[in-house]
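Quick note, the sequences are listed as chains Z and V, same order. For what it's worth, our numbering labels the leading residue of the first sequence as 3, then goes sequentially. For what it's worth, our numbering labels the leading residue of the second sequence as 49, then goes sequentially.
Bear in mind the hints are in silico, worked out from the structure with no lab data behind them. A few of these clues could be false.
[Claimed, not checked] Looking from chain V toward chain Z, a few residues come up when the C-beta cut is under 7 Å (computed):
1. Leu92
2. Gly144
3. Phe148
4. Gly151
[To be verified] Here are the computed distance ranges between Cβ atoms for each label pair:
5. Thr58/Z with Asn107/V: 28 to 36 Å
6. Lys104/V with Ser3/Z: 20 to 28 Å
7. Ile65/Z with Ala65/V: 43 to 51 Å
8. Thr68/V with Ile65/Z: 38 to 46 Å
9. Asp103/V with Gly62/Z: 42 to 50 Å
10. Ser131/V with Thr19/Z: 34 to 42 Å
11. Ser127/V with Thr58/Z: 37 to 45 Å
12. Val64/Z with Pro88/V: 27 to 35 Å
13. Asp28/Z with Lys116/V: 23 to 31 Å
14. Lys157/V with Arg17/Z: 35 to 43 Å
15. Glu56/Z with Tyr78/V: 23 to 31 Å
16. Glu101/Z with Glu56/V: 25 to 33 Å
17. Arg17/Z with Tyr78/V: 41 to 49 Å
18. Ala65/V with Glu56/Z: 28 to 36 Å
[As the list claims (entries may be wrong)] Computed from the model, here is a short list of chain Z residues facing chain V with C-beta under 8 Å:
19. Gln24
20. Met33
21. Phe35
22. Gln43
23. Leu45
24. Leu94
25. Val98
26. Ala102
27. Gly105
28. Gln106
Note that this is a predicted model, so its numbers are computed, not measured. All residues carry an ideal CB built from backbone N, CA and C; glycine is no exception.
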Amino acid sequence: SAVISQKPSRDICQRGTSLTIQCQVDSQVTMMFWYRQQPGQSLTLIATANQGSEATYESGFVIDKFPISRPNLTFSTLTVSNMSPEDSSIYLCSAVNTEAFFGQGTRLTVV
Amino acid sequence: GNSVTQMEGPVTLSEEAFLTINCTYTATGYPSLFWYVQYPGEGLQLLLKATKADDKGSNKGFEATYRKETTSFHLEKGSVQVSDSAVYFCALRQGGKLIFGQGTELSVKP
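Excised from the complex, chain V in its bound form:
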């Protein structure tokens, strides 16, 4: 069946460090891929998305590229801020349903 595997956390970085959170997926067909973010005490928000191979989603300095050949959708940011501290979820969508990875907690220290 469809599944999403993402890098385990927690990840702790210093401000302005480079961030990568790995995400790989298993799916039949060509799902849309998403990154969602959950800030402390808040609901789930869409961060970025890609709907087909080689698409790059980007938002708030974060980027992820849909790589069909490696079935990956790794999240990157060149310079993280303390305000980026949150839990990040990779997800795939087929037929409207979202299947989530286990989440990666990011903590950014000043």
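The following block holds chain Z by itself, in its conformation from the complex:
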């Protein structure tokens, strides 16, 4: 199994600012992903974090709004840029080898 540490666990941010979320895995993993879980809803895939290259974004998500880095096989960051109240969600990091493991999530509130 893989243990995922995600920081921060929660934050309250002013609109127009940006927040970077970090995801650290305790072992090398093949793939890493970022998901969003809006209040009372399911998880939606934002993007695949590719090691050493640009992330692959799902429909409806763009790099300018959600820049992602993955400098190595155990670490990734997601930035939520120019935030608005509609960005208030839980953001989850996932790491995949044979199984998919999830971090505890970052609960973001934009005011």
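Fit chain V to the supplied structure of chain Z, relying on the hints for placement.
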């Protein structure tokens, strides 16, 4: 495209009742299927999985069988407990990516 549809909640049951949460999927090829559980205030945890047709996943008294002919992966438990109260997500996986259903909230009363 690929998608997962699961039974709407919330579902409220009495302790020791039988549980079924329906899940159907649409996918190209033969994805792996999963049930994840999210307990109040906690992260997402894998509950069980099945990787091919007719496989049965089981864990903690929960079971689900991969039915290719009906494209379903219904979650069942014979006797629920108060501690099973949580949100349950059905998901399929292809190429590493997980596609989730909308989640079903289960509330078990003593």
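Hint-by-hint comparison with the structure:
no.: 1; hint: Leu92; result: holds, 4 Å
no.: 2; hint: Gly144; result: holds, 4 Å
no.: 3; hint: Phe148; result: holds, 5 Å
no.: 4; hint: Gly151; result: holds, 5 Å
no.: 5; hint: Thr58/Z with Asn107/V: 28 to 36 Å; result: holds, 31 Å
no.: 6; hint: Lys104/V with Ser3/Z: 20 to 28 Å; result: holds, 22 Å
no.: 7; hint: Ile65/Z with Ala65/V: 43 to 51 Å; result: holds, 48 Å
no.: 8; hint: Thr68/V with Ile65/Z: 38 to 46 Å; result: holds, 42 Å
no.: 9; hint: Asp103/V with Gly62/Z: 42 to 50 Å; result: violated, 33 Å
no.: 10; hint: Ser131/V with Thr19/Z: 34 to 42 Å; result: holds, 40 Å
no.: 11; hint: Ser127/V with Thr58/Z: 37 to 45 Å; result: holds, 43 Å
no.: 12; hint: Val64/Z with Pro88/V: 27 to 35 Å; result: holds, 33 Å
no.: 13; hint: Asp28/Z with Lys116/V: 23 to 31 Å; result: violated, 36 Å
no.: 14; hint: Lys157/V with Arg17/Z: 35 to 43 Å; result: holds, 41 Å
no.: 15; hint: Glu56/Z with Tyr78/V: 23 to 31 Å; result: holds, 30 Å
no.: 16; hint: Glu101/Z with Glu56/V: 25 to 33 Å; result: holds, 28 Å
no.: 17; hint: Arg17/Z with Tyr78/V: 41 to 49 Å; result: holds, 45 Å
no.: 18; hint: Ala65/V with Glu56/Z: 28 to 36 Å; result: violated, 50 Å
no.: 19; hint: Gln24; result: violated, 16 Å
no.: 20; hint: Met33; result: holds, 4 Å
no.: 21; hint: Phe35; result: holds, 7 Å
no.: 22; hint: Gln43; result: holds, 7 Å
no.: 23; hint: Leu45; result: holds, 5 Å
no.: 24; hint: Leu94; result: holds, 7 Å
no.: 25; hint: Val98; result: holds, 5 Å
no.: 26; hint: Ala102; result: holds, 6 Å
no.: 27; hint: Gly105; result: holds, 6 Å
no.: 28; hint: Gln106; result: holds, 4 Å
Consistency with the previously given hints fails for numbers 9, 13, 18, 19, ordered from lowest to highest.
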